[in-house]
Amino acid sequence: MDVKAKKHLGQHFLITDKVACDIVHAVKSDTFTKVIEVGPGMGILTKELIKLYGDALSVIDLDGESIKYLRKNFPELEDRIIEGDFLEMQISDITEEKVALVGNYPYNISTQIMFKVYENKDHIVECSGMFQKEVALRLASGPGNKQYGVTSVLLQTWFDIEYLFTVGPEHFNPPPKVDSGIIRLLRNSRVELPFPDKFYKRVVKTAFGQRRKTMRNGLKSMLNEFKVELPENYVGQRPEQLSVEDFLKITQLLYDAMLAMKK
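Residue numbers for the sequence shown follow our numbering, beginning at 8 and rising by one.
Don't take each hint at face value.
[To be verified] Straight-line distance between alpha carbons at most 30 Å, and here's what the computed DSS-like set of lysine-lysine pairs gives:
1) 35 <-> 25
2) 79 <-> 13
3) 153 <-> 270
4) 105 <-> 140
5) 234 <-> 208
6) 153 <-> 205
7) 270 <-> 227
[What the hints assert, rightly or not] Beta-carbon label-pair distances, calculated as ranges:
8) 208 <-> 38: 22 to 28 Å
9) 92 <-> 267: 51 to 57 Å
10) 82 <-> 180: 20 to 26 Å
11) 216 <-> 236: 19 to 25 Å
12) 22 <-> 119: 23 to 29 Å
13) 173 <-> 263: 42 to 48 Å
14) 180 <-> 219: 39 to 45 Å
15) 149 <-> 86: 23 to 29 Å
16) 22 <-> 248: 40 to 46 Å
17) 248 <-> 14: 25 to 31 Å
Hints listed in this document are in silico derivations from the structure and should not be mistaken for laboratory results. Even glycine gets a Cβ: it sits at the ideal position worked out from N, Cα and C.
Just need the whole structure built from these sequences, with the hints factored in.
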């Protein structure tokens with residue numbers, strides 16, 4: 008029994024063993040004790056992951072047809088085949104151990120998956136796999152690139168991100184209309200931020216909300232709200248020109264000004 012790819016789930020099943028092997032072996036750190044595969048489909052990554060990680064592997068899929076296929080063809084996974092929506096789960100509900108996330112991620116929810124990784128950054132110490140190439144480049148891009156944006160800054164605050172290689176449509180069934188990109192995220196040494204995460208997200212999203220404007224104009228609403236001036240070296244810059252450390256400094260400035268107003 009094969010699994011039929013479902014358009015509404017954004018499924019494009021990888022069919023090339025060499026590519027699957029390269030994705031699995033892109034996992035490289037030794038800081039995790041559990042591996043979770045998201046959207047295994049017909050298990051082309053799963054069979055390689057089992058060889059390497061055995062009982063440490065769990066898989067999650069929303070597609071009931073895939074779940075049936077996996078239970079039949081990978082009985083060694085036993086109760087580690089989880090049926091459900093990864094976006095609705097918390098890693099801590101699955102395991103309290105450090106996790107490496109792997110997958111051929113559905114293109115239609117790839118950005119949501121990355122925000123889920125961000126939310127679970129205390130448990131997910133590595134994430135690798137396949138995304139639409141445009142999304143993969145955006146996540147891995149640094150300052151000065153047109154792809155650099157909100158998700159780039161937020162994820163790179165906590166992870167070192169590397170674009171590994173490109174995969175063409177011919178390696179999938181059905182073939183997507185775009186190229187795919189393999190990336191790897193490795194948790195960096197940052198432990199916490201000196202301000203609420205919600206406030207940091209607000210600053211980054213506000214700045215990129217009008218990315219063609221300078222930082223002074225893009226952040227005008229927040230600068231006025233907290234009655235603070237932007238440092239001169241940032242005034243004429245556009246958001247895509249600033250590093251993660253720059254955004255952290257600007258957020259600290261705004262947060263300190265907000266606290267001062269409350270005294």
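Comparing the hints with the structure gives:
1. 35 <-> 25: holds, 17 Å
2. 79 <-> 13: Satisfied, since the Cα-Cα distance of roughly 20 Å is no more than 30 Å.
3. 153 <-> 270: violated, 40 Å
4. 105 <-> 140: Holds, at about 27 Å.
5. 234 <-> 208: holds, 20 Å
6. 153 <-> 205: Holds, at about 25 Å.
7. 270 <-> 227: The hint holds at about 23 Å.
8. 208 <-> 38: 22 to 28 Å: About 25 Å separates the Cβ atoms of residue 208 and residue 38, which means 22 to 28 Å holds.
9. 92 <-> 267: 51 to 57 Å: violated, 43 Å
10. 82 <-> 180: 20 to 26 Å: holds, 25 Å
11. 216 <-> 236: 19 to 25 Å: This hint holds: roughly 20 Å between Cβ atoms.
12. 22 <-> 119: 23 to 29 Å: holds, 25 Å
13. 173 <-> 263: 42 to 48 Å: holds, 43 Å
14. 180 <-> 219: 39 to 45 Å: holds, 40 Å
15. 149 <-> 86: 23 to 29 Å: violated, 42 Å
16. 22 <-> 248: 40 to 46 Å: holds, 41 Å
17. 248 <-> 14: 25 to 31 Å: violated, 39 Å
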